[in-house]
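Trainee: Take the sequences, apply the hints, and build the full model.
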Amino acid sequence: MPEERILPYTHLLLRLPSGAPRVVRLIPDITISLGKFGSFPSNALLYRPYNLTFDILDPPAVGLRLVSAEEVTRDILGGGEDAEVEGTGHYDLEIAGDSEEDGGEVMRTNKETIDDPLSQKLSWVEIEQLKKQGTSSGRKYTLRKTKKFLRRFTALPLTVASLTTYLLDTKEPIKILEMRNETIAVMLSLANVRYGGRYLVIDESGGLLVSAIAERLDLLEHMTAEFEESKEEDTARKRYPDTPLPTTNTITLIHPNEQPNLSLLKYFSYDTNRPTASHPLHTHLRTLNWLQLVDPNADSSLEKPEEIVAETLATLKGGKRAAYWRKHRRWGKTSRIVAETQKGGFDGLLVAAFMDLKGILRHTVPLLKGSAQIVAYSQNRESVIELADCYSAIRKAEWMNEGQVAADGEDGVGDPTTVLAPTVHETRVREWQVLPGRTHPVMTARGGAEGVVFAGTRVLPVEGKVEARGRFRGQKRRKDSGDDNGDEETDPGGTTPTSPLKRVKAEI
Amino acid sequence: MSEVPEPEMAPASNPLPSPSAFLHTPESIPYSSSPSIIHLKRDLLVPLSFQSNKDQPETHDTRAAAYSSKGVLNTRFGDFPHSSIVGIPYGSQVLAAPLTNNEWNRKRKRREDPSEGATAEPKSTGFLHVLAPTAELWTASLPHRTQVVYTPDSSFILHKLQVRPGSVLIEAGAGSGSFTHAGVRAVYNGYPDGRSGIGKEGRKGKVFSFEFHKERVQKLIDEVERHRLDGLVEIVHRDVCKDGFLVTKMVGEQEEEGISPRATAVFLDLPAPWLALPHLTRRTRPTPSLPTSTGLTPSPSPGPTVAEDGSVTISNDKASNEPYDSGKPSALSSTEAVRICTFSPCIEQVTRTVSVLRKLGWVDIEMVEVQHRRIEVRRLNPKGYENGAGPRTVAEAVQRLKWVGEYREHKRERDSADSTATTVKQSPTEAWRTQNSREKEGAKDGKIITRTEPEIKSHTSYLVFAVLPREWTAEDEATAQALVEQTTKSVVNAPVDGNLKGNGKLKWKGEKEEKPMSKRQIKRAEREKRKTEEGKVEGDEAIEDEMIEGESAPPGNEEEGKDIPSAEGGNYKMEVDG
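If you read the protein sequences in the order shown, they are chains P and S.
First residue of the first sequence? That's 297 in the working numbering, and the numbers climb one at a time after it.
First residue of the second sequence? That's 126 in the working numbering, and the numbers climb one at a time after it.
Everything labelled a hint here was simulated from the structure, so no lab data went into it.
Please note that a few of the clues may not be correct.
[As the list claims (entries may be wrong)] Okay, the calculated bits of chain S under chain P, using three or more residues with CB under 8 Å as the criterion:
hint	region
1	202-216
2	285-295
3	313-322
[To be verified] Mimicking SDA-like on lysine to any residue, the simulated pairs with C-alpha atoms at most 20 Å apart in a straight line are:
hint	chain 1	residue 1	chain 2	residue 2
4	S	K325	P	T543
5	S	K614	P	S335
6	P	K665	S	I213
7	S	K614	P	R570
8	S	K329	P	E300
9	S	K325	P	E517
10	P	K639	S	S153
11	S	K329	P	T544
12	S	K582	P	W728
13	P	K623	P	R570
14	S	K572	P	T543
15	S	K582	P	E746
16	P	K613	P	S597
17	S	K614	P	D325
18	S	K614	P	R321
[Stated by the list, open to error] Ranges between beta-carbon positions, derived for each pair:
hint	chain 1	residue 1	chain 2	residue 2	range
19	S	V523	P	F650	40 to 50 Å
20	S	D368	P	N553	19 to 29 Å
21	P	H736	S	Q176	52 to 62 Å
22	P	K562	S	V519	57 to 67 Å
23	P	N593	S	P268	49 to 59 Å
24	S	D368	P	H307	17 to 27 Å
25	S	V523	P	S559	54 to 64 Å
Quantities reported herein were computed from a predicted structural model and do not represent experimental measurements.
Quick reminder that beta carbons are idealized off the backbone N, C-alpha and C, glycines included.
Mentor: Put into structure tokens, the structure is as follows:
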């Protein structure tokens, strides 16, 4: 049975009481410092389970104290739920002796509060005194203090979900195209990402989308060890040409620059520059750039390196010989990946890009299997909407009547009839606070990119002219006249029944 | 974790049935009991399975049966013999066969206007698309028996619950089975019998689906079999609030009861999830079942008892020293953190659930709702009058008003000048026409407009998420420490203080260590409380009022003033209202 433990050299997320997450790599025998919250030896977390909360011991003691779930909850509620339950809510109801006609209850409001910071009538001595009395307001005060200064953290596993939250809140969200967890989740579902499939991916979010897919394909689980990293070079060399590349459960990434930007995979112990041979991504992730896909003949890396006969090779120096083989291997690998990609037959296409989506789909949709799902994300709503418009019923009709002429050349999506049922999804999660008597949505949330996702299905249209059939007369006026099937005969150009001219004429 | 080679297809000699079309899309549409999705038009999807001629026509789905009779699919877009569909690749567009004189067409002819029918007759070019089944298409097309969990919710739930290949998912309240299909796709990493030929060694992902409605259970079992998800989904007919989550397992010939599913993720779509929660604890304790006020609430035998008001009676520390009920194992995985999600439409259900979760040791409690919208994209016809007739711009309005005046004048002139005199002046109507040539607009003209779908699901349900960390005992801690000492240089020797009994536990001001009280003590305390309460109230109130003033108006003391904003929006989201 799998065990969840904090293993050496893994990245993990420490959540501090202030809410700020920290990502640390757990290297044994070091001290992890959390700034003003103190520091602790990394060995104290090693081989312990995730999701536990620890207190950092006050110096001179070194180490951690395990905090029980009960205590964590008590501190969240501020001194026990029972105490909170007694107050009936946000506006605490109190028994007031003199207002019996109200049923003896009055609502405490901010009616008497003076909204002026200078109207403080109590001196700080008096306030301190009140605090000491430990009333509920005093407790609230202590709670705030606690949140700020409690030397406590929770050790969480670094998963795609927690990494996304971390990058959105603390790092540069623009680098991950401001993709939210709900966006990633809905993309994975709509694209029908499942174990065993082959997926074509365009990811300009630094590898976040790739890692999300890899998580669903079980390609992120990996035991890292220091010794492995040192000898990784040798194993890669020895193993590579012999192991056949897997044909299922793979991710093929097309990237715009010469090298892919998959820097976020480092959090999952995979570095594309120095790949670890034993990592599942090493064999299941393939990358190629747009040049290699669109115009492979123009790419110098796909030219076959000069063959050297075995005899001459034997005379070469060791370093030169190694370089020759390395070059050969690289060529072999790249050309295999390109050939395999151009053969197509992918089970799904996932796009998260700054680039124009239309061009991406023009080149990639033909590589998909029939019935494969397509999802595309852009941080601006407009590019997604423009893309959806390219697959509208009117465009399809125009394509079928006029053929290639209707296409926009390099700017367009190509044949619009290959994508069925284009839909645009917008999803957003609203967070709530749930506290006894004080349950409501949180007051502020992250704005920014709206996270609009395009979804469609790759279909194989019948050759030749196809006319839709059905009862159109009634349909024309119905609200769903935008559907694919019934609309192709309707005239978009407006032979509208009453032009203003006629009407004016009639009036005169 | 050694990886077994992954052949592309199962060996031909394999006598095992083929894997589900939901998990492995076949190369072409097969004769099978598993459905394909017929896409008639947007939002009109029909699940349909194609049986070879020998077999009886499908009767499992009345809706599909209405479309399909005697090996022909009859739609308003034409007739499609099954033989024209089977064998072609998924995703293909299929043209309708020429009209046949079957019952459906006769009926349709009668319904239609005779003149119209005559023109429609020779056409045979209607079409549809046949799609491979996916969890989403199935959800959109499935025969609804209950409210289903839609894709935006289910995708987020699976993402947050960290359901991955190899996870074990408990689903309670299977309903129509829409979440079951999304769930099995997420946990799938090969069949236990190896029929798909892929997968690593180790635990195979599985969904345990509980449902207490007998009829639905039958349908679900039938569905799982037809979709070839056997071995991956186990449907259990059970009221989980009463009887918990332990399952039976066939060991050889014998059926063994009380086997733990060892779940790593739990999804509860129940009316009262808090009643099922006591069955989802790390250890089951022999707690005496307490009578409840209404008698309606089942008191679960293992685990803490939940009373009708949602309060939980957990045996105190003393009881925990008693031997655990070894006969009833926990339904959860003992070595992993377990994540839970409950799906309830009402806020009252949420507060109750959260309160019970907190008492049972769940942490990281979050509550969210998913808001999803589908956006419709259209082109605005620039000269179209779908959005109200009339001029589109001020200039157009001015021009038109001018024309009306000119036309009137023109008419008057024409009338007064008799019909013999030809007007030299161009008719204003013609001028108007040339100015406003209403040429046919192409698909690329006109503004793109968006609007949300006509009906949005403004509220589905509230999702409560929580995590139950792995149980960590003193022995576990000792082994971990030994492992650390073994594998590292142990430069910094820092054992974790695993004493949970409150050593060094921070105390809130005025908090007292609670000691188990005897019954007599409790009664006396209550009596005293009642006595003192009345006298106390007034004095307390005075202090409280002053405190409010003191809080909302930051005092002169600098340090205190600074603290207040920093408390907002914290991790635990507790202090939003001042």
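Trainee: Give a verdict on every hint.
Mentor: Okay, the hints, checked on the actual structure:
1. 202-216: This one holds; 5 residues, not fewer than the three required, reach chain P with a Cβ under 8 Å.
2. 285-295: That given contact holds, which follows from 5 residues of the region 285-295 of chain S lying within Cβ reach (below 8 Å) of chain P.
3. 313-322: Per the Cβ count (4), the hint holds.
4. S:K325 to P:T543: holds (15 Å)
5. S:K614 to P:S335: holds (19 Å)
6. P:K665 to S:I213: Answer holds: K665 of chain P to I213 of chain S is near 12 Å, not above 20 Å.
7. S:K614 to P:R570: violated (27 Å)
8. S:K329 to P:E300: With Cα atoms ~17 Å apart, K329 of chain S and E300 of chain P stay inside 20 Å; holds.
9. S:K325 to P:E517: Holds, at roughly 12 Å.
10. P:K639 to S:S153: holds (18 Å)
11. S:K329 to P:T544: holds (18 Å)
12. S:K582 to P:W728: The given pair, whose Cα atoms are some 19 Å apart, holds under the 20 Å limit.
13. P:K623 to P:R570: Given pair K623 of chain P, R570 of chain P holds - Cα atoms ~16 Å apart, limit 20 Å.
14. S:K572 to P:T543: Violated - the C-alpha atoms of T543 of chain P and K572 of chain S are around 45 Å apart, more than 20 Å.
15. S:K582 to P:E746: Holds. K582 of chain S to E746 of chain P sits at ~18 Å (cutoff 20 Å).
16. P:K613 to P:S597: violated (24 Å)
17. S:K614 to P:D325: At roughly 7 Å apart (the allowed maximum being 20 Å), D325 of chain P and K614 of chain S satisfy the hint.
18. S:K614 to P:R321: With Cα atoms ~18 Å apart, K614 of chain S and R321 of chain P stay inside 20 Å; holds.
19. S:V523 to P:F650: 40 to 50 Å: 44 Å Cβ-Cβ, so the 40 to 50 Å window holds.
20. S:D368 to P:N553: 19 to 29 Å: Violated, at about 58 Å.
21. P:H736 to S:Q176: 52 to 62 Å: The hint (52 to 62 Å, Cβ to Cβ) holds, given that H736 of chain P and Q176 of chain S are roughly 54 Å apart.
22. P:K562 to S:V519: 57 to 67 Å: Given range 57 to 67 Å: holds, Cβ gap about 58 Å.
23. P:N593 to S:P268: 49 to 59 Å: Given range 49 to 59 Å: holds, Cβ gap about 53 Å.
24. S:D368 to P:H307: 17 to 27 Å: Taking Cβ atoms as reference, D368 of chain S and H307 of chain P lie about 42 Å apart, which means the hint is violated.
25. S:V523 to P:S559: 54 to 64 Å: holds (59 Å)
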